[in-house]
Amino acid sequence: MKSAIDPQRQPAESADGEDDWDPLPAFSTAVALLYEAQIDASRVPAARQALQDLLDADEIAVVPAATALEGQALSVDIGEHGEGPVRILFRRNSAKPPFSPDDARMLSLLRRHLRTAYSLGLITNRDGLGCLASMQLAQSMVKGLLVIDSDCAIHWRNPAASSILANAEGLIEDKGRLRAGRAFETARLELMAQSAASGRQGVMLVARPAEKHPYGLAFAPVKAGAGLAALHRHNLVLIAIKQMQREIMLITERLGDLFGFTPAEERLGALLLDGCSLQEAADLAHKALPTVKTQLRSMLKKTGAHSQAELINVFLSLPSIF
Numbered sequence: 000m001k002s003a004i005d006p007q008r009q010p011a012e013s014a015d016g017e018d019d020w021d022p023l024p025a026f027s028t029a030v031a032l033l034y035e036a037q038i039d040a041s042r043v044p045a046a047r048q049a050l051q052d053l054l055d056a057d058e059i060a061v062v063p064a065a066t067a068l069e070g071q072a073l074s075v076d077i078g079e080h081g082e083g084p085v086r087i088l089f090r091r092n093s094a095k096p097p098f099s100p101d102d103a104r105m106l107s108l109l110r111r112h113l114r115t116a117y118s119l120g121l122i123t124n125r126d127g128l129g130c131l132a133s134m135q136l137a138q139s140m141v142k143g144l145l146v147i148d149s150d151c152a153i154h155w156r157n158p159a160a161s162s163i164l165a166n167a168e169g170l171i172e173d174k175g176r177l178r179a180g181r182a183f184e185t186a187r188l189e190l191m192a193q194s195a196a197s198g199r200q201g202v203m204l205v206a207r208p209a210e211k212h213p214y215g216l217a218f219a220p221v222k223a224g225a226g227l228a229a230l231h232r233h234n235l236v237l238i239a240i241k242q243m244q245r246e247i248m249l250i251t252e253r254l255g256d257l258f259g260f261t262p263a264e265e266r267l268g269a270l271l272l273d274g275c276s277l278q279e280a281a282d283l284a285h286k287a288l289p290t291v292k293t294q295l296r297s298m299l300k301k302t303g304a305h306s307q308a309e310l311i312n313v314f315l316s317l318p319s320i321f
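Mapping the sequence shown onto numbering that gives the first Met the number 0, position 205 (from 1) lands on 204, and the numbers just tick up by one.
Heads up, a few of these hints could be off.
To be verified - Below 20 Å or equal to it, Euclidean Cα-Cα: the simulated SDA-like pairs (lysine to any residue) are:
1) 142 to 155
2) 95 to 79
3) 142 to 164
4) 142 to 220
5) 301 to 257
6) 286 to 269
7) 292 to 249
8) 241 to 171
9) 142 to 95
10) 241 to 210
11) 301 to 312
Keep in mind that the hints were calculated from the coordinates and are not lab data.
Just so it is clear, the structure is predicted and the values come from calculations on it, not from any experiment.
Let the sequences and hints guide you as you build the complete structure.
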């Protein structure tokens, strides 16, 4: 694509020997394309290129404000999304001179337009009500939800995911990036993120040292539409984190209400979900094995299941309705 700025960027030398490049045409072009990109996804590449050319940058990305600046970088906060502020980040490769004070002033002039365009992009989303409903659902879900990029940098998380990362038990946040507690799990997590960013779904387990049940992670690609979200330098990935221990607790709390189980049957259901055999459940409940078998037959009748294995499957399908 022909640069929106290159024809003017070639500095003409004035009579006093100073560079006489006028940035105004390039600035105007970049601002116009920036607003067009919020309502027309096909204009995003042109807007990206115009912004990069204006600051002679090699990379541009929308990142969480907490992202560390590495190398030759220039950034400015542009708004709020999810749980915190976000910024637009410009980078140059090491072969180029560092950003100058003039570049910083140019970005300062752009800031108001970047903030307005970012807000406009959120407001003019073609499925605004759907996005609002999805966000409310995501915020209330028991499952942890994360949006990361192919480098595992975290761009958004719901409250459940924040709680999981704060516990630092198997999954952690390290300098803004998602990591597992063990090195080989982190390596696999990175591979899964890269694979999902290229369009392939996947799943993996991450051990929790203090818990019997691991985390279950499901990876899926996120499609970026129009707006500044499409300026991310990496494709984005949605991770759903299943807290198996937490979900088992939620299931056992609802067995009586859902199926009319007696308190003894609720306790048996909890033990079966925890992996106990009937004999182990009988021993832990201080009951005779025939008594426990009678309770199991009653539970099968109430749930419509035909076997102990099918009963467990019925239980494990319950979180999807909460």
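Here's how the hints hold up against the structure:
1. Taking the CA atoms of residue 142 and residue 155, the gap is near 14 Å; set against the 20 Å cutoff, the hint holds.
2. This hinted pair does not check out: residue 95 and residue 79 have alpha carbons roughly 31 Å apart, beyond 20 Å.
3. Between residue 142 and residue 164 the CA atoms are separated by roughly 13 Å; this keeps the pair inside 20 Å, and the hint holds.
4. Note on residue 142 and residue 220: the hinted pairing holds, with a Cα-Cα distance of about 18 Å set against a maximum of 20 Å.
5. Pair hint residue 301 plus residue 257 holds up; C-alpha atoms about 10 Å apart against a cutoff of 20 Å.
6. Note on residue 286 and residue 269: the hinted pairing holds, with a Cα-Cα distance of about 15 Å set against a maximum of 20 Å.
7. Taken as a hint, the residue 292 and residue 249 pair is broken in the structure, with Cα atoms around 24 Å apart against an allowance of 20 Å.
8. This hinted pair checks out: residue 241 and residue 171 have alpha carbons roughly 15 Å apart, not beyond 20 Å.
9. For the hint pairing residue 142 with residue 95, the CA-to-CA distance comes to about 45 Å; that exceeds 20 Å, so the pair is violated.
10. For the hint linking residue 241 to residue 210, the alpha-carbon distance of about 14 Å falls within 20 Å, and the restraint holds.
11. Among the hinted pairs, residue 301 with residue 312 is consistent with the structure: their alpha-carbon atoms are about 14 Å apart, no more than 20 Å.
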